[in-house]
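Protein chains in written order, with numbering that gives the first Met the number 0: chain A, 0 to 719; chain B, 0 to 719.
Keep in mind the hints are simulated off the structure, nothing from the lab.
Check each hint, because a few of them may be wrong.
When the alpha-carbon atoms are kept at most 16 Å apart in a straight line, the in silico EDC-like pairs for lysine to aspartate or glutamate are as follows [said to hold, decoys possible]:
no. : chain 1 : residue 1 : chain 2 : residue 2
1   : A       : Lys638    : B       : Glu420
2   : B       : Lys418    : A       : Glu613
3   : B       : Lys672    : B       : Asp632
4   : B       : Lys418    : A       : Asp427
5   : B       : Lys391    : A       : Asp427
6   : A       : Lys424    : B       : Glu404
7   : A       : Lys391    : B       : Glu151
8   : A       : Lys641    : B       : Glu90
9   : A       : Lys418    : B       : Glu151
10  : B       : Lys638    : A       : Glu613
11  : A       : Lys418    : B       : Glu613
12  : B       : Lys177    : A       : Glu420
13  : B       : Lys641    : B       : Glu588
14  : B       : Lys418    : A       : Glu704
15  : A       : Lys672    : A       : Glu704
Computed from a predicted structure; not experimentally measured.
There are 2 protein chains.
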Amino acid sequence: MYDNVLDKIMKPKSIAVIGASTKEHTIGSDIMKRLQEYNFNGKIYPVNPKGGIIEGLQAYTSVLEIPGEVDLALIVVNAKFVLSTLDQCNEKGIKGICIITAGFKETGKEGAELEKELLNKIRSYGMRCVGPNCLGVVNTHPDIKMDACFAESLPERGNIGFVSQSGALGGGILNILKDLNLGFAQFISIGNQADVNAETAIEYWENDDDVKQILLYMESIQNPQNFRKLATRVTKKKPILALKAGRSAAGASAASSHTGSLAGADKAAAALLHQSGVIREFSLQNLFETAKVFANCPIPKGDRVAIITNSGGPGIMATDAVCEYGMQMAKIKDETKEKLRSFLPSAASVKNPIDMIASAPIEHYKETLKTVVADENVDMIIVIYLPFLGLKDIDVAKAVMEIKEEHPEKPIIGVFMTKNEFFTKLSDMNVNVPFFMYAEQAADGLNRLNQQRLWMEKEEGKIPVYDVDREKVKNIILKSINDGRDQLTTLESIDVLRAYGIRACKYGLATNIDEVVTLGNSIGYPVVMKMTSKTTSHKTDVGGVVVNIRSEEQLRNEYNALLKRLEEKGLLEGLEGVIIQEMVKGNREMVCGIATDPQYGPMMMFGLGGVFVEVMKDVTFRIAPLTDNDAIDMIKSVKAYKLLEGARGTKPADIEQIKETLLRLSQLVNDFKFIDELDINPLLISEKTGEGIAVDGRIKVRMNEAKEFFGCAAGVCSAV
Amino acid sequence: MYDNVLDKIMKPKSIAVIGASTKEHTIGSDIMKRLQEYNFNGKIYPVNPKGGIIEGLQAYTSVLEIPGEVDLALIVVNAKFVLSTLDQCNEKGIKGICIITAGFKETGKEGAELEKELLNKIRSYGMRCVGPNCLGVVNTHPDIKMDACFAESLPERGNIGFVSQSGALGGGILNILKDLNLGFAQFISIGNQADVNAETAIEYWENDDDVKQILLYMESIQNPQNFRKLATRVTKKKPILALKAGRSAAGASAASSHTGSLAGADKAAAALLHQSGVIREFSLQNLFETAKVFANCPIPKGDRVAIITNSGGPGIMATDAVCEYGMQMAKIKDETKEKLRSFLPSAASVKNPIDMIASAPIEHYKETLKTVVADENVDMIIVIYLPFLGLKDIDVAKAVMEIKEEHPEKPIIGVFMTKNEFFTKLSDMNVNVPFFMYAEQAADGLNRLNQQRLWMEKEEGKIPVYDVDREKVKNIILKSINDGRDQLTTLESIDVLRAYGIRACKYGLATNIDEVVTLGNSIGYPVVMKMTSKTTSHKTDVGGVVVNIRSEEQLRNEYNALLKRLEEKGLLEGLEGVIIQEMVKGNREMVCGIATDPQYGPMMMFGLGGVFVEVMKDVTFRIAPLTDNDAIDMIKSVKAYKLLEGARGTKPADIEQIKETLLRLSQLVNDFKFIDELDINPLLISEKTGEGIAVDGRIKVRMNEAKEFFGCAAGVCSAV
């Protein structure tokens, strides 16, 4: 929900600096200087109990003495004074708060307590608050010009909205952005993110045209479900790039199921970002390079890349990289080729990559680029320059930018393998084309543009709701928890799956010959017969498992033979009955299931099953609940999808039915959130029908949550 | 073989510039200027038919007029004069040649002819030649100081030997090396590599202490086997880093077998570089970053990394990257922690990553680094700096370099997330530590150091020679080619494998009941019986395949029953006999084989077999012949190795026997080089013994080469 109190923080007309100071090299002094140096477009009120003149302005001994209205209170006083400062701000009617002061949650238990009190005040006073323990906020809009931040450099104007969870890192980043030709619109250092966090910023910037792309540096995601909801929506309008650190820290989860052991926090974060359409980067370098591309390129219409170069080697390297990303090398039209041939020397190559050869002058760069931009078969362009006698890098760059100015409709990226000083020169210019040193950086950038295109073109996913037997599942689970079991039996698990319309192996328990035959006939042959006994645990030793029973007659015979064998061995007494089970024939074993991440909640898994689960790790995860898009994306993203498609002449699997299986599982864990783990391994693909059939199932619940769900935290639960 | 004629090119005492010119902005003028500007430490003789003074030196109208001895002739005359120039050089006794002139192989057929003649002259005159169509050569050694190259910038002194196949790219690279703090010892632009190529350079630099690391930019490898031999030896002494471009260009091979379709030229190049211990980089950026690390770091003793930082965020990112490379985070010793605690503030963390917190002054950097270097649990160190008020990046860098000077024994890499100008400053300094902007670059560098360590520690591989029945294989293949078949039958293929001591499914052909029984008894039960018939192609329709025959009695019955079935259907006449085959039980299907790359020759493949071959592509390739190291490396490098180890309670596979299988296959293709494809799919891992057993086999030969081998290019070959 858009909250205009945030405007008080990010677009204030007046700022009170509480803790402003005359003492050099303190935050209270630096931040005053910075606000003025950057020409804040509103009123600045320094507040200091001693009063006096601070940085040329009259200081007030308290916010209450400030004559006019105050939108934003920048708080830099000692932590112990922060709460009382908030009280005064409230009295003054200030709603926008930014607490730079450290000494809260990050310092331990006491600090966390203090932060809790702080948040309570913020909430009860109807304030919004950035920080505490942060670097401040910035808005470079000409109408605002607020640099309420103490990084070394003044902020550069640009179109990025940037959120940093790490203060020091945020500062470091601001320092280097200028070198990278990157400016930003707004910056929020969220610090301990007591109130304002990445999600707040995403929502706040959703419809702010000044912010064309959102960059996030995160070490944690506070509310994954909310993040997903917001990011999924906002990424359809503008790209969100995220660097999520702490990938290795999580370590292996100690969960007991396959699903669990293959999961782990980073898989969850990866799934969440993927499902939300967020572009995930794994290093600051890549984050900035991608931002540079989005800052200067439109979203392309397709993935066909043309490469224009004055040297073969980098042309090859760019082609390698473009192909490795799965993009297409554009097929240059014949007309285009003819036109190129009309002015390029005969030694030039007019096939893609277009090699104008080393002697290409500025005019060839211009003409070639102009001609190629106009080609309908071309969606994106890489222009490569290698130094050649008499041709200046910066002049070529200007020519490229000139053509880009005339033809802004297609992404153009420059690869200039030249001296560092070229990039330094650029950083003082207004550029409209991203320039890189290496071909791979350009290909990487185009790939990101293409990724954003595909995401924006994709229809929004829907979460279907199936007609299921919720009551039946309730009763099965209730029985299990009343028995003190957090793990359902295989039969119970299969019953749960079937109640949710998931195709599971048909079976039944029979205790006499008539029941056996009735069951066999109703399931349909071939069937498997398994004895179940209280006294005989090793069923196979007494021939207690008979497979591939093909007829009623054979079933009768096998049942009678089993009774006879048991009688002979004196084991008949313990027999509870026999399970008659559908015999599923399939040569493809998949796996699917549910794992729970302590922070991200239930995750769905799908992939190659059987003995290959742990060996090949050809599995994929998504955060529940799944949309139909998520489900199909999961199925298609594993290598084993080729097996499902029917590699080597096998029957194609029923993808629609498998998709539904995943969606029904997702509905199950959405209805019963206390399901901790669920494993279907194998989900056998029927040779006959191509359906995925759950041949085995395991479900484990979190006991306490389950009891709470049934309202029986203490004692035995009654029927529901 | 070390060739001291190369010294004439790379360490000349005198150079004749043939084609020297007074005309500005020509190569003949520029190269004269450059030689003098860089203060060549020997004599320069300009040669021009017009004579006169060129760049202040007396020009000679012909090399023959030069009074003194000439080591190196730099040829820049028009292509049509190059051959006659060589004749004159020979007359003058010049052995070192560098032909910068273009207009040879690169221009098409005529040029290629010219280049052939050129090479003939070079060979017959006992000369060595760099080029043609190249950028020249450089040697920065103070005793030589030769810049015979026309790149924009003067070369920087350093310890890199650099070979570039692309002239323009080589020039571009020289321009940016200074910015990257990278200097080199020698540079060879090999151009069309008519004579001198990458292999020549590797051999030449093997024992040249001035060259501490070798960098290669290659688009092709001229003689893969020779490259492998040389590189394998030289990489044990100094690192070789290679960028091999043209990965995507090759496209999918049209070969018909699995082995073939999974191969392809880049797989071959990858295998070759891997087996030779060459560090392969995929972008120039990575190539240079790795070179920067090797230029300033010793090879570490282990893979335990300590991270020292003044900010949490980058510490986390560095940890992520270190762990993702599979290196270890060092366990800091208790003494070290105590010592660190004695001077770091209480908010600092002395666990790895060691966070000195933002306020850390220079002294903390020095003391912490000194303390951590001394810790025996630490093999390599990353030092991170984020700007903090009052602390200058360059001062911190100097402190780090000071400690490195005192403790050169461990690699230290700096991550300085600061302004670009920091790196510009560094480029004018003598550095002994590689500095990067981002944590991932440092982790990448340490990973390369570690890779080189592991390679250097690895014992040299041996190519074993097994006692095999070569004659038998000859006869089998001879029969096949005399029949006009380039594809051996399954039985022939299996016979070939067995002749080379490869464990293959036992089998035999029987034509009557006695033979059937004798075969069955000698193979051992259970067996499989398959009919073989000239008239019945669909064996299974008439029950022509019977599996799991467990006894002589059952075998007799099944054979008789088969005859009866065929008689009833009138199909008995076409029957040739039955194949009695060992029935192998195994639940793990691997694949191995041979594919031939047109350029790199025979390659070995190993991996997960059965239906998974194409789907999972869990296979690996090596160039034949295999060493024992290569074979075991292949087996361990596929994911399915876990299955072989005995995942999920299955019997561990007999790794030694599988290794031998690969080595024997390698010997086979080494003995019969015309084997084009060989597929063993599956290589079934026996449940009982863990052996890999070839259950099916396919061998295809290149007919013409095979005929040549047998000396029967025309007509039928006689027995050998």
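Verify the proposed pairing of Lys177(B) with Glu420(A), using a straight-line Cα cut of 16 Å.
holds, 11 Å
Quick one, are Lys641(B) and Glu588(B) close enough, alpha carbons at most 16 Å?
This hinted pair holds, its Cα atoms lying about 13 Å apart.
Straight-line alpha-carbon gap Lys641(A) to Glu90(B), limit 16 Å:
Roughly 68 Å between the alpha carbons, so the hint for Lys641(A) and Glu90(B) is violated.
Straight-line alpha-carbon gap Lys418(B) to Glu704(A), limit 16 Å
Judged against 16 Å, a Cα distance of about 52 Å means the pair is violated.
Lys672(B) paired with Asp632(B) [C-alpha distance capped at 16 Å]:
violated, 23 Å
Check the hint pairing Lys418(B) with Glu613(A) against an upper bound of 16 Å on the C-alpha distance.
The given pair, whose Cα atoms are some 45 Å apart, is violated under the 16 Å limit.
If you draw a straight line from the CA of Lys672(A) to the CA of Glu704(A), is it 16 Å or shorter?
Satisfied, since the Cα-Cα distance of roughly 8 Å is no more than 16 Å.
Lys391(B) and Asp427(A): Cα distance at most 16 Å?
Distance of about 23 Å is beyond 16 Å: violated.
Restraint check for Lys418(A) with Glu151(B), where alpha carbons must lie at most 16 Å apart:
holds, 10 Å
Starting from Lys418(B), check that the Cα of Asp427(A) is at most 16 Å away, please.
holds, 14 Å
CA of Lys638(A) to CA of Glu420(B), is that 16 Å or under?
violated, 46 Å
Given pair status - Glu613(B), Lys418(A), alpha carbons within 16 Å:
Since the Cα atoms of Lys418(A) and Glu613(B) sit roughly 45 Å apart, the hinted pair is violated (cutoff 16 Å).
When the structure is compared with the earlier hints, violations turn up for hints 1, 2, 3, 5, 6, 8, 11 and 14 and for no others.
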